[in-house]
Amino acid sequence: MGMTMTQKILAAHAGLDSVTAGQLIEAKLDVVMANDITGPMALPIFKEMAEKVYDKDKVVLVPDHFTPNKDIKSAENSKAIREFAREQGLTWYFEQGKSGVEHAILPEAGVVVGGECIIGADSHTCTYGALGAFSTGVGTTDIATGMATGELWFKVPSAIKFVLTGKPGAYVSGKDIIIHIIGKIGVDGALYKSMEFTGDGIANLSMDDRFTMANMAIEAGAKNGIFPVDEKAEAYMKEHSKKEYKIYEADADAEYDEVVEIDLAKVRPTVAFPHLPGNAKTIDEIEAMEPIKINQVVIGSCTNGRMEDMRKAAAILKGRTVHQDVRVMVIPATQKIYKQCIAEGLLDIFVDAGCAVNTPSCGPCMGGHMGVMAAGERCVSTTNRNFVGRMGHVDSLIYLASPEVAAASAIAGCIANPEKVGDR
Amino acid sequence: MRATGHVFKYGDNVDTDVIIPARYLNSFDAQELASHAMADIDPEFVNKVKPGDLIVANKNFGCGSSREHAPLCLKTAGVSCVIAETFARIFYRNAINIGLPIIECPEAAKGIEAGDEVEVDFDSGKIYNRTKGTEFQGQPFPEFMQKLIAAGGLVKYTNSKK
Chain A
1 MGMTMTQKIL
11 AAHAGLDSVT
21 AGQLIEAKLD
31 VVMANDITGP
41 MALPIFKEMA
51 EKVYDKDKVV
61 LVPDHFTPNK
71 DIKSAENSKA
81 IREFAREQGL
91 TWYFEQGKSG
101 VEHAILPEAG
111 VVVGGECIIG
121 ADSHTCTYGA
131 LGAFSTGVGT
141 TDIATGMATG
151 ELWFKVPSAI
161 KFVLTGKPGA
171 YVSGKDIIIH
181 IIGKIGVDGA
191 LYKSMEFTGD
201 GIANLSMDDR
211 FTMANMAIEA
221 GAKNGIFPVD
231 EKAEAYMKEH
241 SKKEYKIYEA
251 DADAEYDEVV
261 EIDLAKVRPT
271 VAFPHLPGNA
281 KTIDEIEAME
291 PIKINQVVIG
301 SCTNGRMEDM
311 RKAAAILKGR
321 TVHQDVRVMV
331 IPATQKIYKQ
341 CIAEGLLDIF
351 VDAGCAVNTP
361 SCGPCMGGHM
371 GVMAAGERCV
381 STTNRNFVGR
391 MGHVDSLIYL
401 ASPEVAAASA
411 IAGCIANPEK
421 VGDR
Chain B
1 MRATGHVFKY
11 GDNVDTDVII
21 PARYLNSFDA
31 QELASHAMAD
41 IDPEFVNKVK
51 PGDLIVANKN
61 FGCGSSREHA
71 PLCLKTAGVS
81 CVIAETFARI
91 FYRNAINIGL
101 PIIECPEAAK
111 GIEAGDEVEV
121 DFDSGKIYNR
131 TKGTEFQGQP
141 FPEFMQKLIA
151 AGGLVKYTNS
161 KK
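In order, the protein sequence lines correspond to chains A and B.
Here the working numbering is used: the first residue of the first sequence is 1, the next is one more, and so on.
Here the working numbering is used: the first residue of the second sequence is 1, the next is one more, and so on.
Treat the hints as calculated values from the structure; they're not laboratory data.
Quick caveat: nothing in here was measured; it's all calculated off a predicted structure.
The beta-carbon is built from N, C-alpha and C at its ideal position, and this holds for glycine as well.
Some clues are possibly wrong.
Said to hold, decoys possible - Computed Cβ-Cβ distance ranges for the label pairs, DEER-style:
1. V394(A) x E107(B): 29 to 35 Å
2. T131(B) x K98(A): 56 to 62 Å
3. S35(B) x P274(A): 39 to 45 Å
4. S160(B) x K56(A): 24 to 30 Å
5. E107(B) x A75(A): 16 to 22 Å
6. G319(A) x G78(B): 47 to 53 Å
7. E258(A) x G152(B): 46 to 52 Å
8. D29(B) x V163(A): 45 to 51 Å
9. H393(A) x G78(B): 24 to 30 Å
10. E107(B) x G89(A): 50 to 56 Å
Stated by the list, open to error - List time: in silico PhoX-like cross-link candidates among lysine-lysine, alpha-carbon distance up to 20 Å:
11. K147(B) x K281(A)
12. K232(A) x K243(A)
13. K147(B) x K155(A)
14. K184(A) x K266(A)
15. K162(B) x K28(A)
16. K28(A) x K161(B)
17. K52(A) x K126(B)
18. K161(B) x K47(A)
19. K47(A) x K156(B)
20. K47(A) x K9(B)
21. K52(A) x K147(B)
22. K242(A) x K336(A)
23. K243(A) x K28(A)
Said to hold, decoys possible - Derived coverage of chain B by chain A (criterion: at least 3 residues anywhere in the stretch with Cβ under 8 Å from a Cβ of chain A; other residues may be distant):
24. 15–23
25. 28–38
26. 89–98
27. 132–141
Bound conformation, chain B alone (with noise of 0.2 Å):
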């Protein structure tokens, strides 16, 4: 599976506030959480982001609040992969839960510029910068998660073993 698209990028510490902040949160919905998607850290991302793009960034990305609507919020409004130097631990585990590609790249989250081209394939973890013409290699994740992603989340996972 391979996905391209532009990149916004975003510094260390990103929050799950900034990402989608508690006012939102007396809903669930998710392309109504989708429409407030990054709102105290940039709010013109909405607007700007299409389908296929990308996040980079670097350290602690998706730190604080266990809110799953942070994830969720930006693979609905588009987001194909988040690309960081680290990810904070509930933010990794959701994701990989509801199926949004992330990967762990210190290289790449210092060679990509907001507005790169950026394609990644995920089979292998690389990573092309089209714009730069650059290629980084993410982490690989470990067997067990790999065995999550491939059953298509927690859910079918759990089911899968009954």
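One chain only, chain A, in its complex shape (with noise of 0.2 Å):
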């Protein structure tokens, strides 16, 4: 029987000539990564077995959901991984103002590439999959145990085989896609599965949206979310890292639990509505339904914070001004897209349109900070969550959109459609 690429790249990496779903198997890790929360908590742990990390090259921390740091206890505890991570020598150590959202520096950086098994002490891990490396979220103890010793154990996963086809429409991208298969298959459709996407649709699927895509893999209850390596991704790869790729690719004969086809031209600008992110709704329910009236809209985050999505959000806010009762944050994911917003004249465009330009940070997304909302108000988030109490109090809604959504919504006060705002 075959291998799933998932079940590949584990196996090379168990030192094993096959695996199958269900094995148990101990692996050996290329990219180990912690942040500001999960990174202190991690550190005494990693004591009880080492003192020095397993490969100073392979260890990475990254400060960035408290940070610029919100308070005294953020700020001791983003200093306790800095110590350790010049203790140690890490050679990526990403400080604020050289850094960004984890799940947008490492690709940018060249820290990860196609072919890697990589953990992250953060769920949405799962993003690097878009390069075609194994990529997946874990805890704080399985991180400890990772720095210290370069392996963990890992339950060989089965897999859902999505082929995708066609082209997506104008004012569709990654993410509406996305939410619209976790609304088909639910938040837990994919429980401790890879979900693997392939098929022709996704030569029409930019590297944007396939970050987009596999980064909220996790939203599905996936180990994992994979796509095949092509001439976008090795360009991309080249472009980005100086590390050498490889290239796996699933066996004809491999077993999947599942196949679901979703043609891309079929799939609506979609969000998701409060509480889940399989609560789909297309944009024509939306727009039948009496009108959805929002105080705040969040544009950044590691699944919506990239560079295409900053020109997207620009696209439509150009030359408009955000709606009077609303309150908008544009939160570019890294340093290198801050500067090429402000290279475009994006800048300009979100400024002059009402909104409040932030630092890279994961910020409002978890309901940190710069934009915590109150009870009762409701938020158009580009991000990848809307659980009860995720952005602020327990009473307020997160709505998951598309950047596209999002602009189009913090223009008309309202859930709104950007095919009736834009101009494509």
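Please assemble the complex out of the two chains, which come individually in their own frames, going by the hints.
Here's what the structure looks like:
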């Protein structure tokens, strides 16, 4: 029996010729990453096992959640990982001002490439599957063990194959596609499994679309999401990384639990309603409802804070003004993206429209800072979770959407269709 | 090993944001985290929970963020075991790694109500509902995980291999 793409990567990292779903293996790790919430907690656990990290080029720390530090406790936490990074001589420590949101900065800085086995103490570590890597989120004890030993146990996952065909419409991007998929299979539809994306429709998806889709695999319960490595992915890795990537392909006779076909041309701008990422409603369904008035819009995060997201939001906001009842936060995900926004005049567009533009950070996504909501408030957000209390008060509501839907909603003051605002 | 206590019952998709909201994640002190356990789904939980009590829930318990603060705050608050139809995978790993007993058992998730007195035998995976006089068989752990648990968690297992 053949192996899926994920199984092949895991077999190679476990030193085995083949693996099957359900098998427990111990695999070697190419990158082990933690942030300012999970990293500090991992340090005392790490010290129970080792004095030095297993490889100073492979252990990566990114302070991004509560940075620039929102209070004294978070400053102490950032200080702890900063000092640890110095003491261990880590190659990849991303300090504020040279950094960004972890899952945007790691691919951009070339820290992660295709074919690798990667763990991160953050559930959205599955993002790097866009590059054809096996990449998954773990907790603190797992990450401390990875930092100490460079190995971790895994249960080999089975997989669901998503065959993508066709070309998405002008105002449909990776976010709409992945919310559509999660709506279809449910928030535990891929529990413990890989989501393997295939099909000729992938050629019509940009790398930023793919990062967004792989990022939200966890919202369907998946262990990882993964894309084949095509010309676009190779070009991206050559541009951003000095590391050698390795291309793995699923066997023709690989076994899948399920095959789901998605015609990208039929996917509509899609929004996830509170309180689950799988509560998907198309823009057409929303337009048939009473208008849903909003108080806040967030455009950014590890899901949708990349350059294309900024360009798409700016194209809608250009020459327009944010609705008087709405506060808008735009958060470019890395310093490089921030600078590119300046170079392309996008920052002028955002500020002229009445948006607050924040420095790269996870910010309000998990209710940390820079846009926490009060009771009864509603937000259209390009982030990844709309759980109860995720962005502030337990009685606030989050609607997950693409940058274009978010920008159109910012202008309209209610959830709005970008097709009716834009000019494509 | 056995545990006995009263049950707190929850539904599908209890996420780690409601188990321990991110506004408390500027600390990883176990006692402090425990004082906010279940804050955004059941604010009364911390006032009512007694050592040995159990949580029983439906599908996909612990979904969302990878924060290990979630199983840690439940364990420190006194929860002796979480029984669910299914667990989200990162929560499952984290619970085993820190030694919070968890059992997958769809029948028990359906047959146990809030306030029931429940006893769990971890060696056999048997779950006894003392209030209703019913019993259930939980999924046993795979052998590798039993080794991890027997060693006292991942850190001790890792150190034992040196």
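> Against which earlier hints does the structure fall short, listed by number upward?
Replying inline: 3, 5, 6, 7, 11, 17, 20, 21, 25 and 27
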